[in-house]
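Using the sequences provided together with the hints, build the complete structure.
In the order they appear, the protein sequences are chains A and B. Using this note's numbering, read the first sequence as starting at 1 and increasing by one per residue. Using this note's numbering, read the second sequence as starting at 1001 and increasing by one per residue.
For the record, the hints were derived by calculation from the structure and aren't laboratory data. Just to be clear, a hint being listed does not mean it is correct.
To give an idea of the interface, some chain B residues facing chain A are shown, with a C-beta separation under 7 Å as derived from the structure [unchecked claim]: (1) VAL1029; (2) PRO1032; (3) ALA1033; (4) PHE1103; (5) ARG1240; (6) ILE1245.
Computed from a predicted model, the values in this text were never measured in an experiment. Just so it is clear, CB atoms sit at the ideal spot from N, CA and C, and this is done for glycine as well.
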Amino acid sequence: MDIEVTVFSDIKDGLLREMGSVVIACGFTLHRQRMMSTPTGVQLWLKLSGDKGRLLELEDQLSSHPLVTGFEADHSPSVQANPVTSPGVQQGHSATARRAPAATPRAAQAAATPRKKPAASTPDISIVEPVLPKLAKSYPKIFPQLLELQQQVSDAQWGPSLKFIGVRVGAWVYKRDYALGGQLDLKSALRQIAQPALRALLPAETHDFAVHVKNNPFCLPGSHCRNGDFFCGFLQGLLHESGASSRVVVREVQCRSEGASECVFEVVD
Amino acid sequence: MVAEYNPVLVGLSFLVAVLGSFTALQLAVAIPAARDEAEKKKAIIKAGAAMGGGAIWTMHFIAMLAYDMGMSVTYDVFLTVLSAFIAMAACSVGLGIAGIGLFSFDKLLPAGIFMGCGVAGMHYMGMAAMIMPMEVSYNLNILIISVIIGVIASCAALWMAFHMRGKLQMIGSSLLMGVAVCGMHYTGMAAARYEHTNIVNEAWFAGSLGGEYLGISIFLVVTTSLVLTLAIGSHRRRQREELAI
Chain A
1 MDIEVTVFSD IKDGLLREMG SVVIACGFTL HRQRMMSTPT GVQLWLKLSG
51 DKGRLLELED QLSSHPLVTG FEADHSPSVQ ANPVTSPGVQ QGHSATARRA
101 PAATPRAAQA AATPRKKPAA STPDISIVEP VLPKLAKSYP KIFPQLLELQ
151 QQVSDAQWGP SLKFIGVRVG AWVYKRDYAL GGQLDLKSAL RQIAQPALRA
201 LLPAETHDFA VHVKNNPFCL PGSHCRNGDF FCGFLQGLLH ESGASSRVVV
251 REVQCRSEGA SECVFEVVD
Chain B
1001 MVAEYNPVLV GLSFLVAVLG SFTALQLAVA IPAARDEAEK KKAIIKAGAA
1051 MGGGAIWTMH FIAMLAYDMG MSVTYDVFLT VLSAFIAMAA CSVGLGIAGI
1101 GLFSFDKLLP AGIFMGCGVA GMHYMGMAAM IMPMEVSYNL NILIISVIIG
1151 VIASCAALWM AFHMRGKLQM IGSSLLMGVA VCGMHYTGMA AARYEHTNIV
1201 NEAWFAGSLG GEYLGISIFL VVTTSLVLTL AIGSHRRRQR EELAI
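So this is what it looks like as structure tokens:
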């Protein structure tokens, strides 16, 4: 299938190379690209083709890449490719479309059907970035600070911001505590790396490719909020950095805010 | 021949094996994190040298000093040095197999075989380096068991070092490798039978390594291991503190 994506970034240098690596790693082919300056950074438009089954993975990898502050995808590109900055798109603000992870294979199938993605929120980098060193200092007691942060970030940006923080914290924890040792397959990495790393934060268990988190502080029972973004990002950051798989996608399949006894995250390679 | 072990030196030999293994495995677990081929090669050679020289070779000769045979024993320099090289080379290959690419059970056995054979090769070469008025023969069954102990315990140590993370990885793998080295050595010693030849050829002792020189060599290797261990620990602590999120 053909797809057009637009990524927004603060940083021009190395952006094309990084995006190209992600595209290749996901099995897609890059046909055309165009980079344009915006008042707050750069916008990179890419025309790609590849396997529809790996679209979710591609979008997740691109949108959660540390260099990317905004992301849009068009699954039904026009014959004449025409990258245009969306009027409402502003870097670091309400720029992007980030695909919400599908909870079931059927949902994933549905999500992969061609459609123009609506603009959604991106992480609020200006607020989140200065908080990260403080989180590192107080790690593993980071939840009070994260919950406090919720007051400063708009509701639309809260989920992506949490995921962004999760990815950064996960990658940092891996480098700090788990980098020394053999390169593990995904299942072993979950048991040997993700489980102890999560347990430093709160009670957690792994069963094959499912991670069960008890007492997720972002999801209060009955709130119907499904706020597992931090843990999705955290696991993704850990597992990407460990080299277990560069294509790993983490999604929340059960949430205690919706009546489940614990939040369950599925790790898909 | 009636020979006996000095228990203090036996305990010391185990301690040295564990200390050397700790240093070597801490160097080895950094192999997968190497950024390029040259860095990878360096890490493998360093780890292999620390394991072969620091854990295996030193342990063997401390254990030999612990074994009082009631006569003076010297060592052929060439064979003694060769024994260290055998251990270092075999351990480098074993650690290289375990450390490069995805760590899996398929790699564990060949890596463990190299490590175990490195321990055994060093031991029996070290035994062959002994110069004394006695002939040594071996009980083949016990000899085979000694090699198997070395291989199995090495596999377990490698699995713990490369598959696990945290304190169990650091301490457990060193202890298991210490068991591999000492288990192989003392079982190998039990396989040996000594027969007096009553022939003392003065020419044998030319260019041989006496007990005092051996002691100095062991002291140097142990001190280096200890300094390396402390340096690795301090370097990693500093790295952790400086790591930006």
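Outcome of the hint check:
1. A hinted interface residue such as B:VAL1029 counts as satisfied when its beta carbon comes closer than 7 Å to some beta carbon of chain A; here the least separation is about 4 Å, so the hint holds.
2. Among the interface hints, the one on B:PRO1032 holds; its C-beta lies about 5 Å from the nearest C-beta in chain A, closer than the 7 Å criterion.
3. At its closest, the beta carbon of B:ALA1033 sits 6 Å from a beta carbon of chain A; the interface hint therefore holds under the 7 Å criterion.
4. The beta carbon of B:PHE1103 is positioned within 7 Å of a beta carbon in chain A (closest approach about 3 Å), and the interface hint is therefore held.
5. Given hint, B:ARG1240 at the interface with chain A, holds; its Cβ is 5 Å from that chain's nearest Cβ, closer than 7 Å.
6. Taking 7 Å as the C-beta contact cut-off toward chain A, the hint placing B:ILE1245 at the interface holds, the least distance being around 4 Å.
Violated hints: none; the structure is consistent with every hint.
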